[in-house]
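> Take a look at the letters that make up each chain.
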Amino acid sequence: MSSRFLKAIVVAAVMTGCAAAQNTKPPLRICADPDNAPYSTRDGSGFDNRIGAMLARQMGRTPVFVWARWRRGFIREQFNKNACDVLMGVPVGMRSVLTSTPYYRSTYVFVTRAQDRLRLASFSDPNLNHRRIGLQIMEEDLSPPSLPLIRNGHAAQLVGFESFGAHATDILRAVQDRKIDVAVVWGPLAGVYAARRDGLQLEPVSPQVDAGIPFTFALAVGVHKKDVRLRDEVDKAIQAKQQAINGILASYHVPLLPLKEGGRP
Amino acid sequence: METIKPKLAVLLLAATVLLPGGCRKQTQQVYSPQPAGTGSIHPYSGTLEPDDGQWLRATKDYANTRYSTLDQINENNVPQLKLAWTFSTGTAHGQEAAPIVANNTMYIVTPWPNTLFALDLTKPGAPLKWKYEPHPSPAAKGEACCDWVNRGAVFDNGRIFFNTLDGYTVAVDANDGHQVWKTHLADITKGETITMAPTVVHGKVMVGDSGGEFGVRGWLAALDAGTGKVLWQAYNTGPDKDVLIGPRFKPFYKSDQGVDLGVKTWPPDAWKIGGGTVWGFVAYDPALNLIYYGTANPGPWNPEVRPGDNKWTSGVWARDPDTGEAVWFYQMSPHDLYDWDGVNEDILLDLPINGQQRKVMIRPDRNGYVYVIDRATGQVLSANPYAYITATNGVDLNTGELKRIADKATKTGQEVRNICPIAAGAKDWQPSSFSQRTGLVYIPHQQMCMDVEGVEANYIAGTPYVGAIDRYYSAPGGNMGELLAWDPIGGKPVWKITDKYPIWSGTVATAGDLVFFGTMDGWFKAADAKTGKILWQFKTGSGIIGQPVSYKGPDGKQYIAILSGIGGWPGSIVAANLDTRDDTAGNGWGSALRDLKSVTAAGGTLYVFSLP
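The listed protein sequences derive, respectively, from chains A and B.
Counted the way this note's numbering counts, the first sequence spans residues 1 to 265.
Counted the way this note's numbering counts, the second sequence spans residues 1 to 612.
Certain hints may be false.
Said to hold, decoys possible - Computed Cβ-Cβ distance ranges for the label pairs, DEER-style: (1) A:D177 with B:T399: 40 to 48 Å; (2) A:P34 with B:D224: 31 to 39 Å; (3) A:D35 with B:E133: 26 to 34 Å; (4) A:H130 with B:Q356: 48 to 56 Å; (5) B:N398 with A:K225: 19 to 27 Å; (6) B:T38 with A:K225: 46 to 54 Å; (7) B:Q356 with A:A166: 24 to 32 Å.
For the record, the hints were derived by calculation from the structure and aren't laboratory data.
Every residue gets a Cβ at the ideal spot worked out from N, C-alpha and C, and that includes glycine.
When you get a sec, could you build the whole thing from the sequences and use the hints?
The following block contains the structure:
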């Protein structure tokens, strides 16, 4: 009886604490794509939606999602016009924003049909010969794995796929449907898709860097270029919540690599 | 470029000597005309479309001359040219449209939100008659690569036709502004937009798409002017049936001959995202009954991904306007390495070439050569450099081949320096004009080079990736912009005017022996068509990247009109307020145009001038 009473008081105190923080700190506006699973979806179930909301709360701020399509011109037309305070999941060092310490590192992966037993080890794997290889289109170009594939003589085998919204998983469905034999895609997209279906195999690409082109990226929170204070706040929140972040990412089957010491390059 | 290069040092010296006199009254630097080569003036012996003093389409006539026979304003009285009236477009983005004048009404289309204004020229100050608002999707603003521009409307048979950034073609009653039809053509969710000014031929509205860097597939469509129904649509990649290639297709060069080259000159399926959009101007020859237009660069940008010639991108088509059937094609830049869209204007002229009268098109191409092409057959009669070029070494007239210099080829992650011209070409969209009286083509363009160096991290739709870093700068000589008077018969320049910034506006030539053009810092100028001497200039409220026109008002006076408003690809530095501390802002313009924001501000205003 008394212990239950005590618990109630503690909860109330925490709630009061939250309310006080909300009065002094403005909400944290997070730009988020309404249709970009598994990263971000309008129902808030994307992993970056959940991580962003958690970091905001850790900072004592209420997360507010500003829904905007993350496509060409997004930084120019939305973020730079102060539509929001932060962006989730931007590569560390991206020049158009100031980036926080990274909260995860992932890799491009080879996606194949398990029954084909290709077990691709690298871009120079002979099992890539004569296979149809799918890549997504990033802005003007095929995604970066196209470069080592071309250098290894596979240019004529490459097939381009759209990367947006409902079309983002077309490339993975094409592996299942035998329209292509291999997809080379960013890990988080492949991870959650493959986990929900039988018969797809994932292997991280190798090498991680080829002729100066990286295929693993550390992902961070982006803030406005001059907003050093917010960046520092975000850094602290990431540090405090790293375990919980890892847990969320694991539940989405995101292929994770160790974060480098120190974080910021 | 050997003909111009050795002269540059001398010319710069001349400019320095001339500067003090020219600069006394204005703080702006005045660049004096310079002799630029051994070309000469030959009054035109061919005939042009009759000029009724209106300006019905962006290019003035079907031959794309942008020549006005009006001569009230001439080299003697042009110093008295005064502002007659102005009109604010209400949009502070790049104003690339040509004002259209028909039945004593002026029509202007703004950048997104693509409002169409009709101004009554019969009343003092040309008050607003009506406006039509198409309400394009705001999402289109993000998809547009290079600011939210629109290149203008066209008048035909009592209607105004124009395109919206979000991919519609609209027909509006020219008298009362009510919408007659609206047809959806381009899909912004795929990165497709429409920015070009349509042309109407035989009751068909010719419309093409934009967005070639985004993995779209380019096309030109013909819409029934009465109903908006698509009558034919010719793709620029894919199987012959999609490209409307049939028995009438007779390309001049072997490299363009064969079955389904729009598939075979690509890796499997790559043609489906191969680019080759159509966003320039369409020309028409009524005697041959052929339309002509250029196709944009192939996609994706990285050429290593698309081995092959990548037909039918970065080339020029001749087609039957009634059926869309292809008649010939010539590819200026096969397997484009540098984003050299082939969308430049084709000026249709009948000229004596090598002693023989030929029906030709004059095409100052993005790759830096002025092509003279037989417009009946597609044979290249000459291709002379009009800009500083390091990436290629001429055009083989026997094979049509653009001769590339191997060590200027780009590879992602590898540094290549001093590639000239830049990705925006020796000339981007900015249209040339032709004077019947001088026989010269007035080519507004840029003299620039670029370095491609290293890679930078980026992301889209949640996926991180790296892309190449481009950095642009002026070619030797130090000025980025140039207006060149070009002798198309001799294949040589006659004079040039240089400017610190790229000359991103079009030009208009008049029978008063004047050439009008604008600069990115906002000066609107009249040059002597024979000598290039600047005879008059007016400082407008914002940088000029538009298309000047000349028309006769209801009062019988000649007027010159221009939209002022910085923007477009380089001007997005100002219009989108890009950070010029980043050299690569606006895809490489950051370092070249670092001070542009300090010399002009965004705005959108129509200026109309006349003699007092």
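> With reference to the structure, classify each hint as holding or not holding.
Hint by hint, here is what the structure shows:
no. : hint                           : in the structure
1   : A:D177 with B:T399: 40 to 48 Å : 43 Å, holds
2   : A:P34 with B:D224: 31 to 39 Å  : 37 Å, holds
3   : A:D35 with B:E133: 26 to 34 Å  : 28 Å, holds
4   : A:H130 with B:Q356: 48 to 56 Å : 53 Å, holds
5   : B:N398 with A:K225: 19 to 27 Å : 54 Å, violated
6   : B:T38 with A:K225: 46 to 54 Å  : 52 Å, holds
7   : B:Q356 with A:A166: 24 to 32 Å : 59 Å, violated
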